[in-house]
Amino acid sequence: MGTLIEEIFARKAGRPVQAGEILLLDVDYIMSHDNTTPLAIKAFRDIGKPIHDKNRIVLHLDHAYPAPNVLAAENHKKIIEFVREQGLPHFYHQGVCHQVMLEEGFITPGAIVIGADSHSNTYGAMGAFGAGLGSTEIGVAWVTGKCWFKVPETIRIELTGKSQPGVYAKDVMIYIAGMLGMDGGTYRSVEFGGEYIDNLPMHERIIFPNMSTEIGAKCGLIAADDVTIDYLENQTPAKGPFEKIRPVNPRYERVIEIDVATLSPQVACHPDVDNAKPLEQVEGLEVHEVYIGTCTNARYEDIEIVARMLEGKRVNEFTRVIVTPASDRIYKKAMQNGLIEILLNAGCTVTGSGCGACIGRHGGILAAGERALTTMNRNFIGRMGSPLSEVYLASPATAAATALTGRITDPRTYLLLSGLSPERA
Amino acid sequence: MGKAWMFGENMNTDEIIPGRYNITIDPLELAKNVFCEVKPEYAANVKPGDIIVGGQNFGCGSSREHAPIAIKGSQAKCIIAPSFARIFFRNAINIGLPILECPEAVADITEGDDVDVDLATGQIFNRTNGHQYQASALPDFVLKIADAGGIVNFLKTHDIQELMS
Numbered sequence: 001m002g003t004l005i006e007e008i009f010a011r012k013a014g015r016p017v018q019a020g021e022i023l024l025l026d027v028d029y030i031m032s033h034d035n036t037t038p039l040a041i042k043a044f045r046d047i048g049k050p051i052h053d054k055n056r057i058v059l060h061l062d063h064a065y066p067a068p069n070v071l072a073a074e075n076h077k078k079i080i081e082f083v084r085e086q087g088l089p090h091f092y093h094q095g096v097c098h099q100v101m102l103e104e105g106f107i108t109p110g111a112i113v114i115g116a117d118s119h120s121n122t123y124g125a126m127g128a129f130g131a132g133l134g135s136t137e138i139g140v141a142w143v144t145g146k147c148w149f150k151v152p153e154t155i156r157i158e159l160t161g162k163s164q165p166g167v168y169a170k171d172v173m174i175y176i177a178g179m180l181g182m183d184g185g186t187y188r189s190v191e192f193g194g195e196y197i198d199n200l201p202m203h204e205r206i207i208f209p210n211m212s213t214e215i216g217a218k219c220g221l222i223a224a225d226d227v228t229i230d231y232l233e234n235q236t237p238a239k240g241p242f243e244k245i246r247p248v249n250p251r252y253e254r255v256i257e258i259d260v261a262t263l264s265p266q267v268a269c270h271p272d273v274d275n276a277k278p279l280e281q282v283e284g285l286e287v288h289e290v291y292i293g294t295c296t297n298a299r300y301e302d303i304e305i306v307a308r309m310l311e312g313k314r315v316n317e318f319t320r321v322i323v324t325p326a327s328d329r330i331y332k333k334a335m336q337n338g339l340i341e342i343l344l345n346a347g348c349t350v351t352g353s354g355c356g357a358c359i360g361r362h363g364g365i366l367a368a369g370e371r372a373l374t375t376m377n378r379n380f381i382g383r384m385g386s387p388l389s390e391v392y393l394a395s396p397a398t399a400a401a402t403a404l405t406g407r408i409t410d411p412r413t414y415l416l417l418s419g420l421s422p423e424r425a
Numbered sequence: 001m002g003k004a005w006m007f008g009e010n011m012n013t014d015e016i017i018p019g020r021y022n023i024t025i026d027p028l029e030l031a032k033n034v035f036c037e038v039k040p041e042y043a044a045n046v047k048p049g050d051i052i053v054g055g056q057n058f059g060c061g062s063s064r065e066h067a068p069i070a071i072k073g074s075q076a077k078c079i080i081a082p083s084f085a086r087i088f089f090r091n092a093i094n095i096g097l098p099i100l101e102c103p104e105a106v107a108d109i110t111e112g113d114d115v116d117v118d119l120a121t122g123q124i125f126n127r128t129n130g131h132q133y134q135a136s137a138l139p140d141f142v143l144k145i146a147d148a149g150g151i152v153n154f155l156k157t158h159d160i161q162e163l164m165s
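Heads up: the sequence lines are chains L and E, in that order. Using the working numbering, you'd call the opening residue of the first sequence number 1 and step up by one each time. Using the working numbering, you'd call the opening residue of the second sequence number 1 and step up by one each time.
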């Protein structure tokens, strides 16, 4: 009996648990990437004990891959040597770690997955507990197979209604970030539910747990249902049976209801993700780069929206438009269906998969005085390059409309002009 | 006794150490660029034993440990803030960087005050204005990790289960 996080933790603890308790739990998978693995290796070597279970370790190269400089290359070399030395079976360099974790079926309902990356919250989209930790704890978990958790209190966000045409999960989540603020969910589990979530396809659901990080949440969860099971069975190699764990007579710290029908396209403005505004308040602001990528919004469906909106057109000649598919699988599907050609014909630069420009180290760094509009989840000062640059966050549709004009542009007009029903898109 | 360095609310990991410098894990190297954009004078002038005084949600953003490591590398003694971001809180404890939650101290201390901290009791002394503050106590298992000088040291001589016993 309890909130979704209490139900998930109770299954691992083998007894009912309540918010406030501290538990030492077995973890199913331990994820880290090129930015965070070297420190985990250091912690592992310092502890000086063997790996608990190689099958639970998943390593990725995605943050600065392919290496943009010698130091990044040395990090990659160190990780590859470690993988070979230890004989680790799960090693990937085929896209953003979180997307690959989902695609490869590591994330299933009720799983406990920790990652040395703050957006490990993403796994909540499958009804799993996913949380970001530092590298040292990852090294610790390699050795122990365990991690300590305080069972968090839960904020329930009940999303009702049907979104207006041209309004996506990203717009709804930016609105929530603006409402709750950057520390509105600190130490909390944020549970997303309601009829809007129930009717949402998986690629849109993922936005909410992914960006729960931006409001400080320990985890962001969506209870597994038929959409989840369908995704797992048809798009991943994960083996069932899967349990649809749901909250049972939950006691929430707070319940927030939002009627999504009232929302228009939103933009999270420089310099904080909670500086959320309806798009019309910043419409017309010049941008120098449009970046469509990351663990938030670079899935096949996101790229499809952008391609359909840009089809037969040219992006603004003074705006750099960069598309970085979240994974190789997405890249391949987009290529097979002609989307990559459409993007190239429209004047976009399509890069290999991975984290790309999101971390300000390669793939589209901003100069001083420049402004980017991007599908990323984070817009801290200097995130994409110069500390004197600005980052604005929005949906893929808003990014595509903005790419055409070089100014922040409402996607709804272009969705109609493209002959796309904004509703379907 | 050390000098207080004041920082604002929601100090994020990119502001503590921008991502472009996270190509090393050497504490002293990282310390050269710690707070380089929000307080460029810090790195060159910080002295061992100085105290970081932050605003609420200190350390929000990425999971990168480079942020607390850079602060530890700068030889600051500890961080005092009203609240810490979740991952930063865990990371600081795990690497053995003391952190204290104390809104009263943060509200009263000003930049450059001489501040002393008794980590064992959580007492904070402001030698400049003579005021004293009490930080909230840390849970037992957190103290076990902190006493060992970080989780890695703890595990060298203990089993993980002993954290909860």
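A portion of the hints provided could be inaccurate.
[Claimed, not checked] Computed far set for chain L versus chain E, every beta-carbon distance over 12 Å:
(1) K12
(2) P38
(3) A40
(4) A43
(5) Y92
(6) C147
(7) E280
(8) G284
(9) G382
(10) T413
[Unchecked claim] In silico DSSO-like pairs for lysine-lysine, Cα to Cα no more than 30 Å straight-line:
(11) K12/L x K144/E
(12) K78/L x K54/L
(13) K12/L x K150/L
(14) K146/L x K162/L
(15) K39/E x K77/E
(16) K39/E x K150/L
(17) K244/L x K150/L
(18) K156/E x K49/L
(19) K239/L x K146/L
(20) K277/L x K244/L
(21) K277/L x K332/L
(22) K32/E x K42/L
(23) K146/L x K32/E
(24) K47/E x K78/L
(25) K77/L x K32/E
(26) K12/L x K156/E
(27) K47/E x K42/L
(28) K156/E x K78/L
(29) K150/L x K77/E
(30) K42/L x K144/E
(31) K32/E x K54/L
(32) K49/L x K12/L
(33) K77/L x K244/L
(34) K156/E x K54/L
(35) K49/L x K47/E
(36) K77/E x K77/L
(37) K42/L x K156/E
(38) K12/L x K54/L
(39) K150/L x K77/L
(40) K47/E x K150/L
The set of hints was computed from the structure by calculation and includes no laboratory data. For every residue, glycine included, the Cβ atom is placed at its ideal position computed from N, Cα and C.
The hints, checked one at a time:
A cut-off of 12 Å between C-beta atoms confirms that K12/L is not in contact with chain E; the least separation is 14 Å. For P38/L, the non-interface assignment is contradicted: its Cβ lies about 6 Å from the closest Cβ of chain E, within the 12 Å cut-off. Listed as outside the interface, A40/L is inconsistent with that label: its C-beta sits roughly 9 Å from the nearest C-beta of chain E, within the 12 Å cut-off. A cut-off of 12 Å between C-beta atoms contradicts the statement that A43/L is not in contact with chain E; the least separation is 5 Å.
For Y92/L, the shortest C-beta to C-beta distance to chain E comes to about 19 Å, beyond the 12 Å cut-off, and the non-interface label holds. At roughly 9 Å, the least C-beta separation between C147/L and chain E is not larger than 12 Å, which violates its mark as non-interface. Interface exclusion of E280/L from chain E stands, the closest Cβ pair being 27 Å apart, more than 12 Å. With a least CB separation of 28 Å from chain E, G284/L remains clear of the 12 Å interface cut-off, as annotated.
For G382/L, the condition that its CB be more than 12 Å from all CB atoms of chain E is violated, with the nearest at approximately 5 Å. Listed as outside the interface, T413/L is consistent with that label: its C-beta sits roughly 35 Å from the nearest C-beta of chain E, beyond the 12 Å cut-off. Our distance criterion of 30 Å between C-alpha atoms is met by K12/L and K144/E, whose separation comes to about 24 Å. In summary, the hint linking K78/L to K54/L is supported, as the alpha carbons are separated by about 18 Å, within the 30 Å threshold.
Only pairs whose Cα atoms come within 30 Å are accepted, and K12/L paired with K150/L is accepted, the gap being roughly 14 Å. With a CA separation close to 41 Å, the supplied pair K146/L and K162/L exceeds the 30 Å bound. For the hint pairing K39/E with K77/E, the CA-to-CA distance comes to about 18 Å; that is within 30 Å, so the pair holds. A distance of roughly 34 Å separates the Cα atoms of K39/E and K150/L; the hinted pair therefore is violated under the 30 Å criterion.
Straight-line distance between C-alpha atoms of K244/L and K150/L comes to about 23 Å, which keeps the hinted pair within the 30 Å bound. For the given pair, K156/E sits about 8 Å from K49/L by alpha-carbon distance, which is consistent with the 30 Å threshold. Taking the CA atoms of K239/L and K146/L, the gap is about 23 Å. The hint holds against a cut of 30 Å. With a CA separation close to 36 Å, the supplied pair K277/L and K244/L exceeds the 30 Å bound.
For the proposed pair K277/L and K332/L, the alpha carbon gap of about 35 Å is over 30 Å, so the pair is violated. The suggested pairing of K32/E with K42/L holds, with an alpha-carbon distance near 21 Å, which does not exceed 30 Å. Among the hinted pairs, K146/L with K32/E is inconsistent with the structure: their alpha-carbon atoms are about 35 Å apart, more than 30 Å. A distance of roughly 34 Å separates the Cα atoms of K47/E and K78/L; the hinted pair therefore is violated under the 30 Å criterion.
Taken as a hint, the K77/L and K32/E pair is honoured in the structure, with Cα atoms around 25 Å apart against an allowance of 30 Å. Distance check on the hinted pair: K12/L and K156/E sit about 26 Å apart at the alpha-carbon level, within 30 Å; holds. Our distance criterion of 30 Å between C-alpha atoms is met by K47/E and K42/L, whose separation comes to about 27 Å. Among the hinted pairs, K156/E with K78/L is consistent with the structure: their alpha-carbon atoms are about 23 Å apart, no more than 30 Å.
With a CA separation close to 27 Å, the supplied pair K150/L and K77/E stays within the 30 Å bound. The hinted pair formed by K42/L and K144/E meets the criterion: a straight-line CA distance of about 21 Å does not exceed 30 Å. Restraint check for K32/E and K54/L: not satisfied, since their Cα atoms lie roughly 37 Å apart, outside the 30 Å limit. Restraint check for K49/L and K12/L: satisfied, since their Cα atoms lie roughly 25 Å apart, inside the 30 Å limit.
Distance check on the hinted pair: K77/L and K244/L sit about 41 Å apart at the alpha-carbon level, beyond 30 Å; violated. With a C-alpha separation of about 20 Å, the suggested pair K156/E and K54/L falls inside the 30 Å cut-off, and the hint holds. For the suggested pair K49/L and K47/E, the alpha carbons sit about 36 Å apart, so the restraint of at most 30 Å is broken. Restraint check for K77/E and K77/L: not satisfied, since their Cα atoms lie roughly 35 Å apart, outside the 30 Å limit.
Note on K42/L and K156/E: the hinted pairing holds, with a Cα-Cα distance of about 14 Å set against a maximum of 30 Å. For the proposed pair K12/L and K54/L, the alpha carbon gap of about 20 Å is at most 30 Å, so the pair holds. For the suggested pair K150/L and K77/L, the alpha carbons sit about 36 Å apart, so the restraint of at most 30 Å is broken. Distance restraint check for K47/E and K150/L: the Cα-Cα separation of roughly 35 Å exceeds the 30 Å cut-off, and the hinted pair is therefore not satisfied.
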